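Here's the letter readout for the chains.
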Amino acid sequence: MAEIHPFNHRAMATHFEVRIADQEKTYAAQAAQASFDLLDKSESQLSRFRPNSDVSQLARLAPGERLRVGEPAFACLQIAKQMEAATRRAFCPTPAALQSQPTLPEWELFPAELSVLCVSGRLEFDLGAIGKGFALDRMAELLREWECPAFLLVSGGSSILTGDPPPEAQGWSCGLGDDDSPHRIYLSNASLSGSGLAVKGAHILDPRTGEPALRQARAWILADTAAESDALSTACMVLEEEELTEVLAQNNSWLAFLDTEEGPRAIGNRAVPVRA
Amino acid sequence: MVDKLNRREFLSATAVAGAAMLIDACKSDSSDQKAVVKKSSLNNINVALIGYGEEGKVLLEAFLNIEGVKLVALCDIWEYHRGEGERYLKKLGNEVRSYENYEDLLAKEKDLQAVLIATPDFWHAPMTNTCLKAGLHVYCEKMMSNTIDGARSMVKTMRDTGKLLQIGHQRRSNPRYLFTLNRLLHEAQFCGKLTAIQGQWNRAVKEDFGWPKKYEISQTMLAKYGYKDMHQFRNWRWFKGLGGGPLSDLGAHQIDIFNWWMGKTPKSVMASGGLDYYKNHDWYDNAMVIYEYPVEQAVARAFYQVQTTTSAGGGYYEQFMGDDGTIRMSEDPAICAIYREARATAVSWDDLTQKGYVKAKPLAADTAKVDVRETAALAEYEIPVFFNKPPHQPHLENFFNAIRGTAKLNCPADEAFTSEYVIHKANEAVAAEKKISISDEEVRA
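Chains A and B are the protein sequences, given in the same order.
Numbering of the first sequence is given in our numbering, commencing with residue 38 and proceeding in unit increments.
Numbering of the second sequence is given in our numbering, commencing with residue 5 and proceeding in unit increments.
To be clear, the hints were calculated from the coordinates, so they are not data collected in a lab.
Take these hints with a grain of salt, some might be off.
Unchecked claim - Taking beta-carbon pairs under 8 Å as the criterion, some of the chain B residues facing chain A (in silico):
1. LYS94
2. GLY97
3. ALA208
Said to hold, decoys possible - Stretch by stretch, here's where chain B covers chain A in the computed footprint (C-beta under 8 Å, at least three residues):
4. 47 to 61
5. 68 to 78
6. 86 to 96
7. 214 to 223
8. 271 to 282
Predicted model only: the values in this text are computed from it and were never measured.
In this text, a Cβ means the ideal position worked out from N, Cα and C, and glycines have one as well.
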């Protein structure tokens, strides 16, 4: 099999990895560096911990005020809004708002000028459950532009985005679960994200109640984009199985795996990938 | 027109006495800086952006927030960047005409009032001079030029043409910097007698910039625009004849703040640095510089370091230290800090808080409760100014307001030249391995 070049980077309070196959090493390193530069830029726009970020600026808006944001932040918020609707607010880009406000803040997007209107409340965006996936999607676009289509991108071990498979391989071998999980599938040009209680405990809040979400011990989502899989995997922690099934039925490119004693159980219309 | 303030921009300031005065002190174009010029009819300023690389993208993002200006043309020699810019602007409904060559742009765009230049340093002087002579106002990124002569020529052309030339030291229009300089350093004499300054910008090792193979520029075109090869084009900052290395790329911002806040230029510079890590660059990859500023029959020394091999040391900042206190400034508000010495009793924290010059960091939200534990840390104070804009926006606004005749430039080329000069002298001191004197005369253009 052709050599795969791995590159690492820290961003968004986690560890990112870019693996590039079927390319000369120096060129792969430069492409990976360009994708990490893009990642750092995304963090500076999306992080609520950066006082100058678009997200921090939005948090300072009063109701009725509007702010133009950069294209990446706007695009991420657009997807977040769509995912919020698709998941019946089980995924929410302002998940902790109920801890400090009586109701979730409301906001509107104006695509023509890339602006965000604060309708009510404080826009306490926390894009932690979608931003990393969004960044992976943008990094993948860049790698394709650099003609490095055979790649695997990893964000914090909880989201991966695959490009074309390495030469002569069926796909990138992806495990559902801990290191060297026996439950493995081959993926190419798809994203897989996991959420659960095992690593960080009950860290996911149900935005609808403000309480920690405890529906699933662990779940994975397969989707075409990492922003979708990232957001949906968080929603899996909040939705009851019946609701989750209805949510997944809206889109044939979505597939969930719920952790069971017999191994991951698939829900959704997307075909289950070949086992690795 | 004075910038309209966002309601929350000065949230903290409005909660204290003298709020109106504070807000005035924060504005990039404060009333005492305004030129007494009748408001012109320039309600819509047509602008071209020359250079759509890293810095050009930052400028465009800030520019797009500003009312009364329109980007009509974009220029970059690299098709990859040009295409990126065109697609992005089209998405925003702002279609532009795009050019490879800036002279073609000037020949064809007949309704321009201003240009923003964000190209490699060695192109700044020829482009700026040509644009000024074409009757345009120019906002040019720092460094002014890769040579002192180039920078001097820009000041001369600015004076000869009577057009405006703002240099992109954007901190000079930053409301937090303006507030802290005017209120804390000058009015409240927060630092007491200034005895030392320290600044730094340290960055971790990173791969040189590459390029997507399919967008490689032909050798003929690279040579036409002054580059040996594609690697040099993408990494011009580290090559002599194109840029000025890290002291000019990163240090320029902070050394400019040294001069601005001291209100004077240093009388000497000594420095050490070298090309000790990277093997394929021309310029030093690290430098440590000491400037000597004359103060009341004594000297305040300013130490500046720039490293491109380590991010250690707490980011990028400028720190002004005096016998009463210290102010640490940065474009990143999280790095800003203020400290007072125990001896500084003439003005109390309470007085400063009352005046709105500082703000106590929030303590417990519920005052009915108290927790008993080990001795608590002293109350902490911070600079009470936030602004909801990208860092470059106020400086661009100042430029456009100056074009309209409602403000004076915060960083005109002749003022920027003094910083430019002492930065070039620091590079010279590294090469000479000796202390170099700087006279008051030579530092003026």
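Going by Cβ atoms only, is ALA208(B) closer than 8 Å to chain A? violated, 10 Å
Verify the interface restraint on LYS94(B): the C-beta must sit less than 8 Å from at least one C-beta of chain A. violated, 12 Å
In terms of beta carbon proximity below 8 Å, does the region 271 to 282 of chain A have 3 or more residues touching chain B? n = 0 at 8 Å, threshold three: violated.
Hey, does the GLY97(B) contact hint survive, CB to chain A under 8 Å? holds, 6 Å
Check of the region 47 to 61 of chain A against chain B for coverage (Cβ-Cβ below 8 Å, three residues minimum): Violated, because only 0 residues of the region 47 to 61 of chain A bring their Cβ atoms closer than 8 Å to Cβ atoms of chain B.
Coverage claim, chain B over the region 68 to 78 of chain A, checked by counting residues with Cβ within 8 Å (three needed): Our answer is that it holds, as 4 residues pass the Cβ test (under 8 Å) against chain B, meeting three.
For the region 86 to 96 of chain A, does the count of residues with a C-beta closer than 8 Å to a C-beta of chain B reach 3? holds (count 4)
Check of the region 214 to 223 of chain A against chain B for coverage (Cβ-Cβ below 8 Å, three residues minimum): Contact hint for the region 214 to 223 of chain A vs chain B: violated, 0 residues under 8 Å.
Going down the numbered hints, you'll see the structure goes against 1, 3, 4, 7 and 8, while the others check out.
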